[in-house]
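Now that you have both chains on their own, put them together as the hints suggest.
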Amino acid sequence: MDFTTFLIQILNSLQYGLLLFLVASGLTLVFGIMGIINLAHGSFYMVGAYLAFALTSLTGNLMLSIALGIPLAFVFGALLEWLLFAHLYKRDHLEQVLLTYGLILIFEELRSLAVGDDVHGVDIPALFSASIPLSDTLSYPVYRILISVVCLVLAGALWWLMQRTRLGMMIRAGSHDRDMVQALGIDINLLYRTVFALGVVLAALAGMLAAPISSVYPGMGSSVLIISFVIVVIGGIGSVWGALVAALLIGFADTFGKVLLPDLAGLAVYLVMAVVLLWRPEGIFKKG
Amino acid sequence: MNPQTNSRGLMVAKVVVLAALLAFPLVGSAFYTEMVAKVLVMAIFAMSLDLLVGFTGLVSLGHAAYFGIAAYAVALLTPKYDPANLWIALPASVLGAALAAFVIGLFVLRTKGIYFIMVTLAFAQMAYYVFHDTALGGGSDGIYINFKPDAAIAGWAPFDLNEPMHMYYFIVGMLVLVFAFLTLLLRSPFGKVLVGIRSNEHRMQSLGYATFRYKLAAFTVAGALAGVAGFLYGVLFGFVTPEYLSWHQSGNVLMMVILGGMGNLVGAVLGAFAFIGLQEVFSGWTKHWQLLMGGVIVAAVLFMPGGLSALPRRLYKKFKEERIHG
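Those protein sequences? They're chains A and B, same order as listed. Counting along the first sequence from 1, when you hit position 283 you're at 283 in my numbering, and nothing is skipped either side. Counting along the second sequence from 1, when you hit position 282 you're at 282 in my numbering, and nothing is skipped either side.
Chain B with its partners taken away, still in its complex shape (with noise of 0.2 Å):
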């Protein structure tokens, strides 16, 4: 396998399973086309962590924080008895999840390594409390989203939100609009610049870069991302929650982003419908799910290396090492 012919593959790949997304409410159950919307808003959220976690070597575990802010500021921006308006909510909530990722960027970066795992967890649970705690996020029973966001501009709706299929095909564009985003970001130098951090911090300052602006802008951006996927979400299931931006959630997207294969889009695609997929099969078993889905993550990490990506690799390996030694 040569790498152009790999590339190209991947390629065809894409294609293919873009083109499934888009015909599958065609096909699927009402129901089926919520749960891949789902899965598909999670994939966003997963890929806006491995932008971090993946490519710039920073383990977030409060990355849930700016999910759950966006999601919380549709819910406050939708008045009562009227729909807001999408293309002021849409912007209005990603800026908020990015202004808090800024803010808090600022302090936690001061950190590395485990302090840094830390300290993103306890001021997720900062953010997590100012919704629990106040009358401003409605308490642990969150608020209604009654209405969701109205797409007209100037009288003209190009689309309606209150149509199922409507907002599947709206999760999917944005979810190839991030895809898009985060591959020319990667591409770019400022990717390399994150990537070049991730393998050596010292080296990068002894070059010349300034890697705290570097991370603090990864930092930011992934925020904003995660904002996107909480727009997404919120106005998907027409709720929030403060458990939006409990650690478990951003524990569950680590582990997204880990099952798919860390520093690798399609990876974290994958680990949102790996893990959402296990999710829905256990929860159908049995009221105890998490004990199986507790027991996949601890298999996953004691015998999986790598996550779901890397197993073609690591079977094409082994495969070849057993044909030289055997």
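One chain only, chain A, in its complex shape (with noise of 0.2 Å):
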């Protein structure tokens, strides 16, 4: 592997990993706030994407789209915490796993039957089409850079949200002690939908920045669903700091374990799990 092939292989790795940091962080911050563990968030990431494709076909433009799709996607999120997972946060996580395992079946056939079983492509917008040459033979995309450079500012911005704000400051204390913050006079039932929708927003945005790349296909929500909960497990449950350190660490080790173990490609991200839970079965930012 020469130099430029690395460099662009470390880009890939970052760009990866901050797009699975999005989706993450939503599962994180859901678990960690509201306690409750969704398997149906594979299926958020999936919605947004479906969504982009879908807003994009109408408007014609996927960064139109993106600002249409968001608040969509929080009105879906703090309807869908309405009808179905305000039940559950005295419930145990089993009950949570199957309840939202049910969702995923209903999402799934809800999706082909809204859009059918085919592969879509998403256009890349024109303003972001082009690339960056970083050799005579080789350059690499700006919408990828675009990618990340989104997905770090929210990082921060969700870091600001939840450690300089007041609304970050209630959702801290409600995670600790719902009753307090109810008898405080802040509405915790708000609050609490209005984070879960935030995570679904989380998830659908990365979906719909993922779209051009990964292209929009039935069963995508799965296969990113299981490598969040490995980034969240990693990080330390409901640790944001947590989350973004793993999915980076997560990130290299899939976009180098395809480059570098083509037959085991899929293998790799389990196996930094299994040595991170050795040495920390509780991730490596335990929380509390």
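Calculated from the structure, these hints are not laboratory results. Idealized CB from N, CA, C, for every residue including glycine. Honestly, I wouldn't trust all of these hints.
[Claimed, not checked] Label-pair restraints from in silico Cβ distances:
#1 316(B) - 59(A): 55 to 61 Å
#2 128(A) - 199(B): 55 to 61 Å
#3 275(A) - 281(B): 43 to 49 Å
#4 213(A) - 281(B): 37 to 43 Å
#5 199(B) - 223(A): 33 to 39 Å
#6 115(A) - 283(B): 19 to 25 Å
#7 64(A) - 202(B): 55 to 61 Å
#8 195(B) - 166(A): 46 to 52 Å
#9 64(A) - 295(B): 30 to 36 Å
#10 295(B) - 169(A): 35 to 41 Å
#11 202(B) - 3(A): 53 to 59 Å
[Unchecked claim] Rough simulated footprint, nothing fancy, chain B against chain A, three-plus residues with beta-carbon under 8 Å:
#12 91–102
#13 109–117
#14 230–240
#15 274–280
Right under this line is the structure:
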């Protein structure tokens, strides 16, 4: 592997890792704060990708579609929380696993009913379709850099929201003592609904951004779901920092696994997990 | 209803069900016989998971790994143009599954609760990719088992698995064996310790039990029994694919356990019947049967805590409450 190829793999790892962080941050947020283990989180990623596909077919512009898709995803998440997830807070993990497993089947079939089982492509917006030359023969697409930047900015925004704003303070307090926060006059139900919808938006946004790169296909939520679980577990459940570090780790493991060990590429990620958990059974950044 | 008549009633019910299972191929068509055989294999699989989830309190979302490993073991042990020897292939497959469960158990049992759920899932994915990505497992197409294992012992064949009836009764026999084995295991002091771990692991530790070893033993036994089911499934249908190890398969078997009612071997069998029954009915109605299946799962969690086997008790309780309060 010459230096330019190596550099491209590094950039790919970063881009993939940051995208995974976007999905995993929603997952770990919902678990860390609301105590819900949500297997349907990958479906939100899929919903996002299909939303990007559907809206782009309508508007002809991915960026506009994403701008429209984010509020749609938020409303979708809030509705879902109100209808189903609000009933799960007091239930044990097993029941949450089951209900959200049932949801995966439902979302997958609804997707099949609505848009069929074909693979669809989404065009990269003309504005970002260029490539930056790295050497005479190799260049790196601008769109991938854009994804990385957007994800980094969102990671920062999430940190700022949680650590530096009043809303973040209420959310953090709510995860420790729901009743106390309620007693202080804060509408905890609304707060939880917002957090959940935010988690849905993060996953859906990742799906929308990934749509032009990975195309849009049935079962795309499932693979991302498992990887994000791995990330959340490695990082330490509930830790957004942990999710970021773990997502980058997994991004590198997966990308370089594919280059160095093409036959066992799928395994690399899980090997990393096994090693980390042998070292720290509760993840790198255990919370509390 | 006092407990004694209750248990006698249950005994009678078990005998009736067994008699019905034994008589079924005589009245049912070949198609339905194979379907019931499939349900019974899944019932063994569900019972093996119930040992973990229902009795030991370990929610594994990767139990399909051991099922699939045993199925692949029999496929790999079967030569291309000859049958494998049943008396070697069966123990070898089950041992393979048990060994995998033991090694994976060493890792996953270090974690608890939600970590355990996720880590079992991730290890099963690892096993999935081993068979999916390498030449060993024939890729995503899987492997055909061209010949069912040969049951001959020194030239004498007590039965022939190529005969659908023999295959069916072999599966019923295995179901009864596994059921009896688990019943005895759970009644033994070992089983009592497992149930103790489920209700309070710290207390068991302070009583002096090395709970990790007990959990590892339970995990290994459950893996071995899932291996029995995987072996039978591979032999029954004559092929294996990586899907056998997929997390959907793990989810389905967990669903069977919950649907039937956890911590109850009869419930696991009931759950397998209910799940595959629904699957058959729904897939007869529509190509999008998973939509209905998902709906049933969601509804079952929301409206039927405790599963099918708790339903009579819950209805009875409700009836009594209404008589008192109403």
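Cross-check of the supplied hints:
no. : hint                        : result
1   : 316(B) - 59(A): 55 to 61 Å  : holds, 59 Å
2   : 128(A) - 199(B): 55 to 61 Å : holds, 57 Å
3   : 275(A) - 281(B): 43 to 49 Å : holds, 45 Å
4   : 213(A) - 281(B): 37 to 43 Å : holds, 41 Å
5   : 199(B) - 223(A): 33 to 39 Å : holds, 37 Å
6   : 115(A) - 283(B): 19 to 25 Å : holds, 21 Å
7   : 64(A) - 202(B): 55 to 61 Å  : holds, 56 Å
8   : 195(B) - 166(A): 46 to 52 Å : holds, 48 Å
9   : 64(A) - 295(B): 30 to 36 Å  : holds, 35 Å
10  : 295(B) - 169(A): 35 to 41 Å : holds, 39 Å
11  : 202(B) - 3(A): 53 to 59 Å   : holds, 55 Å
12  : 91–102                      : holds (count 9)
13  : 109–117                     : holds (count 4)
14  : 230–240                     : holds (count 4)
15  : 274–280                     : holds (count 3)
Hint check: no violations occur; every hint is consistent with the structure.
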